[in-house]
Every structure is written in C-alpha cells, then in structure tokens.
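J.: Could you put the whole structure together from the sequences, leaning on the hints where they help?
Next come the chains, spelled out residue by residue.
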Amino acid sequence: MKQTGPSLISPPIGDEAYKDLEEAVGPEFVTREPAVLDGYAWQPLWNEGPEMWVHRPIAVVLPASTEEVQAVVKICNKHGLKFKAICTGWGALAGPRCENVVQIELRRMDRILEIDEKNMFVVVEPHAIGGQVMAETMRKGLHTHIVSSGAASSPLASATSCVGCAPDGTYMNWSSRNLLGVEWVLPDGEVIRLGTLGSGDGWFCGDGPGPSLRGVLRGRLGAFGGNGVFTKCALKLYNWPGPPEPVPEGFLYDTELELPPHCKAYIMFFPDRKSLADATQAITVEGIGYNAFKPGMGSLLTMIVPHLLHKESWKKAKYLKKAIQAFNYQFLEVLATDSAEELEFQEAVMRDEVSKHGGFMMDMEHTGMAEMIFWTFVLSSNYPIFFKAAGMFITAYGQDESHHSMVMASPDGEKIKQKWIDRGGILDDNADSGIHFMMEESTVSHYEEPIEFDHRNPDQTRTIKPIEMEFTHMQAEHCMESGITSPVMRKMFGPTEGFYTKWQKGIGKIIDPRGCADDYLYNAEPVEGEPLPDDPAILEMTEKLADIATKMAWTEDGPLE
Amino acid sequence: MTLSDYERDMEGCSRCASCKWVPFNQMRSWRFAKNCPSITRYDFHAYSGGGRMLMGLSMVKGRSELTDEVADIIYRCQLCGACDTACKVYRDDIDLSEVLLELRTTCVEQGKLIPEHMMVIDSLKREGNVLGEPKAERGAWAHGLPVKNINNEKADVIFHTGCRYSYDRELWPTLRGTVKLLLSAGLDVGIAFSEESCCGGRAYEMGFRGEAQNYAEDMLSRVKASGAKLIVTPCADGYAHFRYIYPRMGKALPVEVMHVSEVILHLVKEGKLSLKNEVPMLVTWHDPCHLGRMSEPYLPEWNGDKIMRTLDRKRAGHNGVYDVPRELLKFIPGVDLVEMERIREWSWCCGAGGGVYEAYPELCTFSALERIEEARSTGAEAMATSCPWCHVAFREALAETGDSFPVYDILDLVQQSVGLSPETSEEIQGGERK
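If you read the sequences in order, they're chains A and B. The letter at position 229 of the first sequence is residue 229 when you use my numbering, and the numbering goes up by one with no holes. The letter at position 48 of the second sequence is residue 48 when you use my numbering, and the numbering goes up by one with no holes.
Treat the hints with care, since some could be wrong.
For lysine-lysine, the following DSS-like pairs were computed, each having C-alpha atoms within a straight-line distance of at most 25 Å [claimed, not checked]: (1) A/Lys465 to B/Lys61; (2) A/Lys78 to A/Lys509; (3) B/Lys112 to B/Lys61; (4) B/Lys224 to B/Lys251; (5) B/Lys306 to A/Lys311; (6) B/Lys314 to B/Lys251; (7) A/Lys316 to B/Lys306; (8) A/Lys118 to A/Lys236; (9) A/Lys311 to B/Lys314; (10) B/Lys276 to B/Lys330; (11) A/Lys419 to A/Lys315; (12) B/Lys306 to A/Lys315.
Per the computed footprint, the stretches of chain A lying under chain B, defined by three or more beta-carbons under 8 Å from a beta-carbon of chain B, are [unchecked claim]: (13) 85 to 93; (14) 129 to 138; (15) 305 to 316; (16) 382 to 389.
Honestly, the hints are just simulated from the structure, not real lab data. We put the CB at the ideal spot given by N, CA and C, even for glycine.
T.: Below is the structure:
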C-alpha cells in the first residue's frame with residue numbers, strides 16, 4: 001500500500017486491462033483520460049492535506065448493474081489492480097487512497113427500486129441521492145434518515161460504508177441502524193445477499209434468516225469502500241407528518257413555506273453546560289423531537305455572518321465574543337407531530353425539562369426563523385453551507401459516546417481549537433462551535449468540532465493534520481473511541497481498542513484474498529520505513545499519541561485496569 | 001481574464017456535488033431532480049460543472065493537457081448556468097459559469113477547434129449570422145411591414161431580430177405579428193434590415209472572443225448612430241448577451257435593453273394592448289436559460305478574495321426574467337399555468353445553447369426530449385416559451401422522434417388573445433424592402 005509522492009499519479013493502466021474494462025461495461029463508459037481522472041483525485045474535503053489531491057485513479061468505469069460491477073471487480077482481480085467505488089463523492093474518503101486504483105463510479109445505478117409503505121422501507125441503488133429518496137418517500141407520508149452531509153449524499157453509501165449520523169438521529173437513528181437487506185459485491189467478485197434478502201424473503205430485515213454480516217460489512221465507522229461494493233440496499237423509513245410535496249420558496253436562508261400543522265421549531269438556552277446535557281438527555285429519552293441538535297454559536301456565525309469572522313475588528317471584539325459565548329449552551333428542537341395533542345405533549349415535556357434545569361425556550365416563530373430552520377433541516381438542504389465562510393471545513397473526528405461525556409468533553413475541544421485560532425491557522429469562529437446530536441434513542445450522542453479553513457491557503461492547510469492529531473489525543477485522554485482512518489494511527493491505537501485491527505485484517509484476508517479493494521482507510525498496513533512528515537507539530541503529536549496509546553493498550557487477556 | 005485567473009475558483013470546489021442537482025429545497029421527485037443535461041447524459045464527473053472546473057484545474061496545475069477528448073467534453077455543455085446557480089446556493093467565492101467560458105476560450109487559443117463551430121464562425125464572417133444564410137436576406141421577414149429602416153431613419157426603438165428569427169421561416173408569423181403589435185401600440189420601431197448582424201454571443205460562448213468583440217463593436221456603433229432610446233429583442237440569447245457578455249467585454253450598450261415579452265407586458269398594463277380573446281389552454285412555462293438565469297446583468301469582477309464578496313456582487317441567477325412571462329400568461333383569458341418541477345433559476349435547459357445545437361445534435365435532442373417529458377408530466381396541453389432557439393430545439397427533437405407536443409412562443413398566445421390572425425407563409429412574401 002504505497003503513497004506515491006506529491007503528485008500521487010500512478011503509471012497508466014495497461015492496454016489489456018483497459019480493453020477488458022471496455023468489454024465489461026462498454027467503451028463509452030470507461031476512461032483513462034488524465035484530466036477526467038483528476039476529477040476523482042481532487043478531494044479537499046476530509047483531506048488532512050497538505051495536498052488536496054488524493055491518488056489519481058488509473059481508470060474510471062461506469063457500470064450499470066450489479067453484474068457489471070462484478071465483472072469490473074473480477075477484472076481488477078485478474079490484473080492485480082485495486083478498485084474503489086464512489087457514489088456522490090462527498091469527501092476524500094470516496095477517492096482512491098493508493099496507487100493503481102480503478103474508480104468504480106456508480107452514477108448509472110441510481111434507481112429507487114421499491115417503497116414499501118406497509119413495512120416502511122425503501123430499496124435503493126447507490127446513486128439515488130438523499131434528496132431524491134426524501135422527495136419520493138415524503139409523498140407517501142414517510143421520511144428517511146439523511147446523513148449530515150446532506151441531501152446530495154447517497155443514503156446507500158452512508159448506510160453501508162461511512163459513519164452516518166445527523167440531527168435527525170433523535171427520531172430516525174443513524175445510518176448503520178437503518179440498514180436492512182443488502183446486495184454486496186465482495187472484493188473477489190462474488191455477490192452476497194444479506195438478511196432476509198439472502199433467504200429469498202425480501203428486503204425487510206438485515207439480520208436473517210439469511211446471512212447476517214452487518215457488523216462485518218461496515219463495523220461502526222464503515223469500511224470506506226475497503227470491503228467491496230454495495231449495489232442495492234433497503235433502508236428503514238419513518239413517519240412524516242408533513243405535506244407530501246413540500247416546496248418552499250427560496251433555496252436556503254430565503255426559505256419561505258408555512259410550517260405544517262402540528263410542527264414547530266424551538267430554541268432553548270441553559271445557564272451552563274451540565275444543565276444543557278441533563279435537560280436535552282431527558283427530553284430525548286422521552287422520545288421528543290424530529291430533528292434535534294446543539295449548534296455552536298460559532299457555527300451559526302459562520303453561516304449567517306461569514307464575512308465578519310474574517311475582519312480584524314472581530315478578532316479584537318473581546319466583549320462581543322464573550323457575550324456571544326454566553327448563549328452557547330443552546331439546543332434546537334424541530335418538532336413534527338401528527339396531532340395537536342402530540343405536539344402539546346412534546347412541548348409540555350420540553351417546557352418541563354427546560355424549566356427544571358434553569359433554562360428557557362423560545363418558539364422560533366417569534367424570531368422569524370422557524371420556517372427556515374424547520375425546512376432546511378427536514379430537507380437536509382443546509383449542510384454544504386459550512387463551505388461558505390472559509391471555503392472548506394473539517395470536523396475533528398466525530399465521536400459517539402454517552403451524551404454527558406460528549407457535551408462535557410467539548411470544552412477541551414474548544415481549547416484546542418482556540419489555540420490554533422490564536423496561531424492564525426484557522427477561521428476564528430469563537431471556538432465554541434461544538435455540535436452535538438443524539439441517536440440510538442438517546443443512548444449515544446455525537447460530537448463534532450467544525451474547523452473552517454481555506455484549503456487554498458498553505459498556511460492553513462498545514463495546520464489541519466496537527467489539529468486532527470491533537471483532537472485524537474484529547475479523545476484518547478477522555479477514553480473515547482477514535483475515528484481513525486490512517487494506517488499508522490490504526491496500528492498505534494488498535495491495541496487500545498481490543499486489537500480490532502487484527503480482526504478486521506483477518507476478515508479482509510477471507511473476503512479479499514488478492515487484496516484488490518482499496519482499503520487504505522480501513523485495513524491497510526502502514527508502509528514500513530516511510531519517513532514521517534518533518535512538521536514539528538506533527539512529530540510532537542505523534543510522540544504524544546504513541547505515549548498515550550502505549551499506556552492504554554490491551555494485553556492479549558483484555559484491557560488494562 | 002484567462003483560465004488561470006480563475007484558479008482560486010476552481011480550487012474552491014469542495015466536490016459537494018450540489019452543482020449536479022436542482023437546489024435541494026426544490027427537489028420534488030426522483031425523476032426531475034437533475035439540473036445538468038451534460039452530466040445526465042454522459043455520467044462521468046467531468047461532464048458536470050464541478051468536474052469541468054477540476055479538468056481546468058488539472059490543466060492549470062500542469063497535471064494534464066488539453067487533448068481532443070478533453071476539448072470534446074468542454075464543448076459538450078450548453079453553458080446553461082444551472083450548475084452555477086446550484087453552486088451559489090452555498091458558495092460566494094466560485095464563479096462556475098465564468099470558468100466554463102474560460103475553458104472554451106482556452107480551447108480556441110490552443111487550436112482545439114471543432115468543425116461545426118468553425119462553420120458557424122465562417123458563416124459569421126461571411127454573412128453576419130450563425131446559420132449560414134445570405135446576409136442580404138436578413139430583413140426579408142419584415143417585407144411589407146411599416147417599420148423604419150434605422151440605417152437611414154431615426155427610430156426610438158431598435159428591434160434587434162436575432163439570427164434565428166431572421167431566417168427561420170416557421171417563426172416569421174410569430175415575429176411579424178409581434179412587430180405589428182408593437183406598432184399598433186404606438187411604438188416607433190426600426191430595424192436594421194440586412195445591416196443587422198448577429199449579436200456575437202454564440203461566438204463568445206464557443207470561445208471566439210475576437211469575433212464576438214467585432215460584433216459587439218458593430219452593434220454598439222449602430223446603436224449610437226441610430227439615436228434610439230431602447231433596444232427590444234425577441235431573441236433570448238441576444239437579450240442575455242447584451243446584458244451580460246457585452247459589458248463583460250467592456251462593450252456595454254448605451255441604451256436600455258428589453259426582451260419583447262417585457263415590452264408587451266408593459267403595453268398590456270398600460271392598456272395599449274388588450275388581451276381580450278379567450279385562449280383556453282392549460283400550459284406550462286419553459287424558462288429559457290438566456291431569458292432567465294443567464295440574462296442576469298453583468299457585475300464587475302470582485303477585486304480581492306471572493307470569500308468576502310457581498311451578495312449584491314454575486315451573480316446567482318436571481319435577477320433573470322422569470323415573473324414577466326408568468327404575469328403575461330395570467331393576462332391572457334383562458335390560459336391556465338401549471339408549473340414544471342424545474343423552473344426559474346433551476347430550469348432545465350432546452351439543449352440548444354453554447355454551440356451544442358450546432359455541434360452535438362444528439363445531446364441537444366436528449367435535453368429537449370427530457371424537457372418535453374417534464375412538460376407532459378404536468379398534464380399541460382402545451383408548453384410555452386420565449387426563445388427561438390428553445391422553440392427550434394423542441395420542434396426538431398419532436399420531429400426526430402415522430403412525437404408531437406404543442407410548443408408555443410408566448411408571443412403567439414398574446415397574438416391569439418389580441419385577435420391577430422397569424423399570417424400564412426403565402427401571405428408573407430420574401431424579399432427585402434430596400
């Protein structure tokens with residue numbers, strides 16, 4: 001598994017392999033034109049840099065069916081090539097991460113195959129995007145969970161391969177939990193169908209009576225394409241009490257459409273972090289809310305007044321910043337209910353808990369923002385706005401633990417962020433942008449710390465890797481699991497989390513005997529002897545991480561005391 | 001400006017894929033969720049707005065070269081601007097449409113020309129129009145109409161006909177009827193007859209800036225000499241080019257430019273035209289790209305970091321002409337409007353723009369048929385529009401497939417309501433007045 005230097009350009013694909021690909025999918029659906037390939041290699045999002053290019057694929061293919069995907073995978077096996085699937089391509093996780101990769105672009109597999117209203121599931125192909133799935137399911141009074149990359153992303157990709165949480169998790173859980181039957185092309189080209197699909201009983205269950213390999217196919221974070229290609233899957237649907245075809249005026253902040261009956265948006269404020277954690281946990285335990293999350297005031301500023309954060313006057317606005325921080329213990333609740341009684345119940349529970357914890361809540365209709373908040377969250381149309389303020393963002397790896405541990409850990413994240421703001425490396429968003437939302441019926445909370453930067457500015461891109469490492473260190477100190485994707489870090493931290501890397505590797509050897517899947521982000525070994533970057537900040541953090549990893553490592557018998 | 005001048009815009013692409021879809025708040029179905037004919041037809045990322053920017057970035061960074069295949073991809077784009085509008089929902093610092101124009105110019109500068117475009121340019125040089133028709137016959141459509149010749153008479157209003165209307169005889173009844181309406185409402189209208197030339201916008205879109213510059217200068221001098229106070233055009237392409245491309249080239253026209261639908265609406269509101277006859281019809285409205293988002297007036301380049309660009313300096317398609325035709329349809333008794341899913345800033349392109357009609361008829365047909373299917377899905381009996389190129393794209397796509405679906409210019413519906421019978425081809429005699 002070799003990174004090939006700054007240009008990350010592999011030698012060209014051989015003619016014989018290319019001809020085989022052409023025969024598999026048709027010549028018009030294969031390319032090895034360098035400028036076209038670079039469209040798959042430019043991946044600034046979730047790229048720790050300093051370059052924003054990932055590896056250029058040696059070819060891109062556009063299969064139209066599971067059979068064609070199989071054929072492509074088998075050709076890669078035959079010629080000793082790697083492959084990696086891409087759907088909508090939200091982030092560097094979707095791009096090739098090593099040399100000699102054939103990128104399997106799944107855009108031609110974009111159908112919604114079935115919406116089962118009675119059993120509340122939808123069957124999708126990879127490139128049916130969230131916006132499309134929502135539009136069709138809402139017509140039938142149903143809704144689906146959309147990951148917080150938004151309506152442009154693929155629900156299948158999120159459910160099968162890549163993390164998958166969002167503020168709608170309070171009602172619709174997260175991607176991993178919504179996955180039912182799956183059709184999966186393994187890295188050797190074999191097709192396997194999971195759950196009821198595997199026993200010929202339809203799509204409704206991922207756990208049998210056919211084979212249940214949901215844990216294997218994605219684990220918690222997902223294999224980021226390292227386990228093969230998922231060509232169809234069924235996803236759970238949930239109740240949608242709003243109109244079948246909501247069509248707001250406007251695109252984003254100009255959104256205008258009345259709230260549906262029995263729907264509301266509330267904002268609540270608390271005196272301190274603990275009150276926030278206690279109250280919102282209690283509210284969510286009661287099953288309240290359709291979308292719910294703790295926004296950071298900094299995040300709101302980046303969306304609403306992005307220009308302000310670049311100005312010198314903002315940097316010096318000490319008291320204004322403090323005043324804004326005073327409102328940081330806030331929480332947004334979007335309610336969508338079926339009846340006046342249900343709405344009244346949900347409001348009463350919220351009011352009770354908010355009051356009990358010394359907070360206050362406000363109906364957002366009083367602010368004039370209720371419609372915008374409600375619809376942009378329900379339609380997941382708001383998330384790309386994070387690109388607006390600086391051009392790019394990254395979040396310190398999302399963490400999923402108990403709500404209290406997440407909320408109470410965020411001050412440490414804010415300290416790290418403030419340090420890097422002070423060094424001038426990232427956008428000054430007041431360092432209070434920690435975002436939290438809950439899933440798994442409130443037993444799990446998600447925490448992300450958005451970091452806005454301009455990926456076109458080398459001084460800023462250089463800071464991203466050290467920041468990410470510093471967050472990983474903080475997470476380790478808090479005994480959180482880490483969303484680690486680099487081979488070096490996996491090797492370092494595998495022993496702290498039950499040697500999971502050994503198990504993953506073992507499974508990988510069985511399903512991918514020739515090592516054809518691009519599993520750099522999931523299963524790859526670090527390259528021996530590869531020099532570390534000469535950035536002092538990275539070297540310092542590497543030492544700190546190695547130290548804490550050693551202290552936390554399990555023995556073969558289990559974790560240390 | 002050159003492609004390199006937009007390096008920061010190209011690098012700005014986060015690859016979020018918003019450019020491939022209608023704005024997400026407006027997504028109403030699986031079927032009509034896509035906004036870009038090119039990526040919808042060809043699927044590789046390079047055919048999308050973002051993918052095109054990344055091809056440009058790759059070349060600017062020296063990672064790849066402008067090959068014939070890359071040039072072919074660059075040209076398989078209608079420059080309809082839907083990607084730009086979608087991108088700008090979230091971004092202030094990327095001018096996607098500008099990058100696409102620069103890619104065209106780069107192709108021309110590096111000699112990556114395609115024969116079909118060369119024929120258009122040759123026709124422009126020889127005959128002053130994009131259709132290869134004789135220059136001398138440009139004013140033939142106006143035979144017998146009491147319009148002034150602005151080459152030797154002063155007129156308040158220059159009626160710039162445009163290439164397609166001037167030579168497409170099937171459109172002449174629409175055109176002549178419209179001029180009759182303007183005259184009947186008391187407007188002092190003049191045309192340039194054979195001296196009228198193409199606006200040059202198509203040449204600009206194809207990447208031939210020098211040619212476009214020549215035609216802009218020609219137009220500018222004619223307008224200055226005429227003493228006219230207003231330019232009215234029925235050609236949506238020309239309208240967009242006058243409002244956007246001319247100022248971009250530093251050749252802004254010194255008088256107001258209006259699309260004829262704007263003028264007609266004005267006359268109706270003033271009571272100078274009476275839309276009295278019932279036109280019982282359920283219609284859907286196709287927003288031409290060049291009347292809509294692409295006609296948004298030019299805004300000077302933002303000096304400095306576009307991250308700091310203010311919204312009033314961001315050209316995002318909102319200031320195109322969308323409400324005028326809808327309002328006009330409301331004035332026509334009996335006409336009911338039913339909207340398609342992809343309208344206004346996120347309208348689907350007919351397929352004819354950017355040199356695609358001339359060079360890639362299959363892509364043009366694909367795009368037009370997609371739009372017709374969307375129009376049909378509304379239950380409308382007919383589609384109305386107000387761009388001769390859209391009209392022709394739909395007409396030819398339907399003819400090619402043997403299908404039928406009524407497509408009207410809004411001006412036809414206005415004329416029906418006014419009670420003006422369309423002239424037959426026998427009634428329209430060829431030959432220029434002078």
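J.: Next step is simple, just say for each hint if it's right about the structure.
T.: Hint by hint, here is what the structure shows:
Using a Cα cut-off of 25 Å, the hinted pair A/Lys465 and B/Lys61 holds, with the two alpha carbons roughly 23 Å apart. Taking the CA atoms of A/Lys78 and A/Lys509, the gap is about 17 Å. The hint holds against a cut of 25 Å. Restraint check for B/Lys112 and B/Lys61: the C-alpha separation of about 19 Å stays at or below 25 Å, so the hint holds. Taking the CA atoms of B/Lys224 and B/Lys251, the gap is near 12 Å; set against the 25 Å cutoff, the hint holds.
Our distance criterion of 25 Å between C-alpha atoms is met by B/Lys306 and A/Lys311, whose separation comes to about 14 Å. Simply put, B/Lys314 and B/Lys251 have alpha-carbon atoms about 21 Å apart, close enough for the 25 Å limit, and the pair holds. Using a Cα cut-off of 25 Å, the hinted pair A/Lys316 and B/Lys306 holds, with the two alpha carbons roughly 23 Å apart. Taken as a hint, the A/Lys118 and A/Lys236 pair is honoured in the structure, with Cα atoms around 11 Å apart against an allowance of 25 Å.
Straight-line distance between C-alpha atoms of A/Lys311 and B/Lys314 comes to about 20 Å, which keeps the hinted pair within the 25 Å bound. With a C-alpha separation of about 12 Å, the suggested pair B/Lys276 and B/Lys330 falls inside the 25 Å cut-off, and the hint holds. For a cut-off of 25 Å, the pair hint linking A/Lys419 to A/Lys315 stands: about 14 Å separates their Cα positions. Taking the CA atoms of B/Lys306 and A/Lys315, the gap is about 20 Å. The hint holds against a cut of 25 Å.
A stretch counts as covered by a chain when three or more of its residues have a beta carbon under 8 Å from one of that chain; for the region 85 to 93 of chain A and chain B the count is 4, and the coverage holds. Here's how the region 129 to 138 of chain A fares: 7 of its residues keep a CB closer than 8 Å to some CB of chain B, so the rule of at least three is met and the hint holds. By the rule of at least three residues with a Cβ nearer than 8 Å to a Cβ of chain B, the coverage given for the region 305 to 316 of chain A holds, with 3 such residues. Residue count for the region 382 to 389 of chain A with a Cβ under 8 Å from a Cβ of chain B: 5. That meets the three needed, and the coverage hint holds.
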